[in-house]
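Asks: Each chain, written out:
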Amino acid sequence: MKRIGVFVCHCGTNIAGTVDVKAVAEAMKHEPGVVFSTDYQYMCSQAGQEMIKAAVKEHRLDGIVVCSCSPRMHEATFRKTAAAAGLNSYMVEIANIREQCSWVHKEMPIGTEKAIILAKAAVAKVSLNAPLTPGESPVTKRALVIGGGIAGIQTALDIADAGFPVDIVETKPTIGGKMAQLDKTFPTLDCAACILTPKMVDVAQNEKIRIFSYSEVTDVKGFVGNFDVTIKRKARYVNETLCTGCGACTEKCPMKKVPNEFNLGMDNRHAVYIPFAQAVPKVATIDPNHCLMLKSGKCGLCSKVCGAGAIDYKAKDEFLEERYGAIVVATGFNPISMEKFDEFAYAQSKDVITSLELERLMNAAGPTGGTLLRPSDHQHPHTIVFVQCVGSRCEACAEKGKEYCSKICCMYTAKHAMLIRDKYPDTDVYVFYIDVRTPGKNFDEFYRRAVEEYGVHYIKGMVGKVTPENGVLKVQGSDLIDNRQLHIDADLVVLAAAIEPDKSARPLATMLTASMDTNDFFTEAHPKLRPVESPTAGVFLSGTCQGPKDIPETVSQAGAAASKVIGLLCKDKLLGNPCVAHSDEMMCNGCSTCEKVCPYGAITYEDKEFRMPDRTTKVRRVAKVNEAVCQGCGACTVACMSGAMDLKGFMNKQIMAEVDAICK
Amino acid sequence: MQEVTRDALLNKALELLKNGTVDRVLGYRVGEFSYDVTPAVFENEDALKKDFCWNSFCGANFSKYLISETAKTEKKLLVFLKPCDSYSFNQLLTEHRFDREKVYAVGVPCGGMLSGKDLREKVESVSDVSVNGDKVTVKTLFDGDLEFDFETLLSDRCKNCKSKKHVAYDELLGEDGEVLDSHRFDEVERLEQMTPDERFAFWQGELSRCIRCNACRDVCPACTCEKCVFDNPNSGVQNKAAADSFEEKMFHIIRAFHVAGRCTDCGECSRVCPQHIPLHLLNRKFIKDINSFYGDYQAGAEVGSRAPIVNYTTDDPEPSEAVERGHGNA
Amino acid sequence: MRKISLSKLPELFSAIAKTSALYLPVDTKAGAKFEAWAVGKTLSNALNTVRSAKDFFFPQTENLMDFKVEGKNIELIDTRKECEDFVLFGVRACDVKSFEVLDRVFLAEPQDTYYKNRREHALIISTACNKPQETCFCGTFGIDAAEPSGDIVTYRTDDELFFDAKTEKGKKLLDALSSITEEADEKAVDQQKALIRERLQKLPLKDLKTEGFGSGKTAEFFDDPQWKELSSACLGCGTCTFVCPTCQCYDIKDFDTGHGIKRFRCWDSCMYSDFTKMSAGQPRLTQLERFRQRFMHKLVYYPTNNDGLFSCVGCGRCLAKCPINMNIVKVMKALGGREDA
Amino acid sequence: MQVNEYKPLIVAFCCNWCSYAGADLAGNNRLNYPADVKIIRVPCSCRVNPMFILRAFQRGADGVILCGCHPGDCHYTSGNYYTRRRMALLFSMLDYLGIEKERTRVEWVSAAEGAKFAATMNDFVETVAALGENKRLEDLRCKK
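Residue numbers (the working numbering), protein chains in the order written: chain X, 170 to 833; chain G, 3 to 332; chain U, 1465 to 1805; chain D, 2 to 145.
There is no bait here: all hints are sound.
DSS-like mimics (lysine-lysine), calculated; alpha carbons at most 25 Å apart, straight line:
| # | chain 1 | residue 1 | chain 2 | residue 2 |
| --- | --- | --- | --- | --- |
| 1 | U | 1726 | X | 822 |
| 2 | G | 74 | X | 787 |
| 3 | X | 377 | X | 742 |
| 4 | X | 793 | X | 742 |
| 5 | U | 1726 | D | 144 |
Residues of chain G placed beyond 12 Å of chain D at every Cβ, according to the derived structure:
| # | residue |
| --- | --- |
| 6 | 7 |
| 7 | 70 |
| 8 | 71 |
| 9 | 75 |
| 10 | 145 |
| 11 | 158 |
| 12 | 161 |
| 13 | 166 |
| 14 | 172 |
| 15 | 178 |
| 16 | 184 |
| 17 | 185 |
| 18 | 304 |
Read the hints as simulated data drawn from the structure, not as lab findings.
Beta carbons: idealized from backbone N, C-alpha and C, even for Gly.
Construct all of the structure, not just a fragment, from the sequences and the given hints.
Replies: Encoded structure:
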């Protein structure tokens, strides 16, 4: 039997005004296990805490019930008090007789009766409390950033700046991501490359940062502080350390007609290529799908011209295994496919393009050298129609579009319209929109400038159909404000395609046991309070993998994620929440049901040999909870049929004892 | 009537023993009477030839033996599976309850099973039963021979057979059947149509007969816990007998809840209940609700499927709404 | 000897029920069951009830006493009440015999007062078995289904019910019923007995013998290798023990009601893994041992301690209800009951 | 006020992060609800085992309510989604057994919804009080 002390707080008159605290203390004296019961004006005060400490010593208490305000208020306080008195801090239970009793009930007899019942429930629970110790686990002081766009770059730089090594894994041959493909950025209209490429160089030169470009994460094991990650380094057929990035190979390569993905297929590259001039790492990559040597063994020109001897046709995929304390997901986005949007004739006409394609057409390093020319005939377009929300906010078209707002399109469309009107004042620019959303610093001003100073025609309404006809795009749309149908003969139609998470995100989420929403955006640990953490401890979110964002938002989230990572890596050891699930392996069936409901992937299974009652041995599959990963929700405890899974601090028995005490 | 004969099964078993595919055979052993067959493991040819049995009374499932026998030895076990057994077989695999590598499964078509228990309640002093096509001849000690249509003697669980199709086997004897469009929810619906008072009276009456013999639990392919919460003194709900009618309800509600999403609707619980409690109607209620709230789901249809009770979507019905729908009001 | 026309049975039951509570087998959708008689209830024609008649003397759960704990004081509350007289009608020879088996356990010193109380207030009216079932083997244990014991024995012909009082208690009741019954000669009863005996000879289990079993045979059977095969299919449920008229094991438990403790007993089954579990663990660790225990108890241990009386009465309930059809007959045959015939 | 007014006993399981905080907020704002409601704190509504609910009824509760974060707002991301499925099935089963469906409820109450908490409890107590004593899931041994 435990030796329990009960401490009833008056909280001035907050409690004592509606609850006869002396009666509560008196009533508790008769509860089984209670050896001491008293009341005091302010239990949380220094004097009150000293009183508890003294009582623990004097009455050799091994359990404490404090009848006071909400445990959300002072549970931590009294746990510290208990610890100071030499008790395990988890041998404390709080009966909430203020917020849930004295403050909500008016009459003294009623309040007192309820307070006694709540105190009895707390006594019943503490009788079954066991000392709990938070688990400790070491922290590997190295972070992994998955994705080398602006989000990943910023996160990596910030982490490295704090002195921790960081690895970036990027599937493409270069880091830079989508931002590297942009021409100018809103609302300041500075050149994307001018602000991005110095950062890329910083990354390349930072001794703490390793870049694994042209690589993928293929497996993740472990948990916060100690993730074991397998990274696949795809065969590049060019030795990264030897290659100087001189570009001689790319010039000599006879395979010249490979669609250039950096320019979204609007021009060509060679089979051996460097994606763009400022690529980091600046090394060539051989595209095995087009290289003659790799396909048929006949060519080898690039090897011959390479002064550094970096070409290696026999290269194989390599697998690296690395351990990290934290992982940041920065897998970014892609515009959705326009193939299914027949009404806009994207597949039929070269002159119907996406906004990202327009970025390349306007970029000095793009296929047209920065002159805006129609892809079909390389003529200047004189009438341009922008269509907003293509596939965004599209509840009715779930199979081809997205229900959510892609957030960035309103602003970049305004930017495009403005830039075109600025450079080619003879061009008519129409923008069809559902709403123009400009909530951001200087955003609305920017949009108004496009309308007011640059004379962009904004039309509220949707384009119904685009029909290519004799080199002209017949655009049919509705103007909802003037309530009329519009027919515009356009030279170029630009679609503001919805954005979606990169396809690599879903399998990655599975590997990380990080949860995703139905749109494949990563879910944050709390939508308001923990927006850059995933619910899986040690996994952080940076950039658009979590939801549509513009560059400043991405960068600030990247920094926030970095600071969370730094906070984690600063620790030598992680102290867990001791109220975690625990499986009694004698009763565990190994059925995997608990694993299915665990939001954190904290449960694994192992085959274990048991000595059976009849003295034989039997190998059984049993669940194991990783206490460093478990957050203590208890979902598994109810999923478990046999009752093998229980939650420390909220054990089945404890909760049932509370129920019993309340229902007496 | 069973389409595949005892000899066909026996020969298959002998062949697989002989060619080394298997080392032991899990099948049915003849009893004292034609209807009292017992599941048994046959270790060799002689034992098989002597006692192996396959007739229309081979209703019992092999789940518990699959778990215990495969855990005992590395030897490979042959098991004969009726279509309903194959669902339970998959469900056990989903829950990692036995090692598939140690089992060679032969699917056997099932023409529906008779129940000795039910038969003996229809006919007194049965001395022999023989099935010929769709007729059953029952010899009695004192009343001569009686003839019945096979259909009329079919056990309740088989009248509402959900599937004649095997969902698991290494080899199939005879022709496989189809998933059936059964009327298995009719009785549940009939209860749903009753007033709450009528339903309460119905279940109070049924469950009050429970003697807590645990046969339903112990035969159930889904109840495979190492230690059942109702046997575990630390669970807080352990009890050996229902000392109050509450405990009858507690046991059956919790048992049904624990097998929800895992119950393959084999009907074994009702088959073995010595007190004729229609326990399958509890499980079927969960199955029906799961189908109607979360989309059709058949436990055991495939290995590794995720039961709706350990899954969710963000727009699931609220409990209050679900209760209304559970009435068939939606 | 007295008799009554079957058409007058309701009158008979009504008359008995006037003197004391009357329980008799009635048909329910779950088979025949002893129920308190009330107007409109008719006697079942089934050979036997699903549950045995032992429930009347040894119910599945029974409160033994209450106690309250306050501070350091324990207050005991005796919840026993004197049982009212009752009549059990239609008990079969096997079940009547089972009372003898139970008596030797519960009425041996120290006597079980709960059991004794009910036993003393019961009057047993037995019925001979006109149509025994293929699962019947009471003859194996020396029970004559044509000649059951009881306070009153009844025989049923096509249209009449005959009464033969065997005890003083029985005579008294029969006397009290004399106004609605008539004097009968024994000829019809003798004919009925002959018919029953003839039928008993047709039973498939009539040759099952107990000679190999009984007192002092522990060593002979305990290590028999056949237990392994016999027990292998056993699911470890308690059906056989709970439908058995002679199984008499129970567990005593305390239930905390929140305002006191109820100490109750409930049936237990030697088939259960936690049966007689002690602080040191279970004495029988495997299902084989538990299975063996049940049959050794019926066929060897009990006779050893009770002058050779077997604690099986051959009612056949376990044959009918076992989920996997394993039962005492199969055990006896395997272990050699028949060979010793 | 009547002297012998029937007072139902209500057990409320509240998740630590939203509903328990919502109950605290109701207290902070001095929003009244009947003292018949007794709250048990659980980390998440998904910690509530159907056995706890039946246990409460056995021991004399007349109504049991589970409160958790709104769907989508669970501190543990998905706990309340499991609660929603489990309780939908359990409540439907209780109803199937003829047990009054009004005695059990799930309500989503956020930490900001002190008023909703109080209103929910007022309504639930009133509903259960109208039903009267729990007879269908009672354990006679536990009656005083």
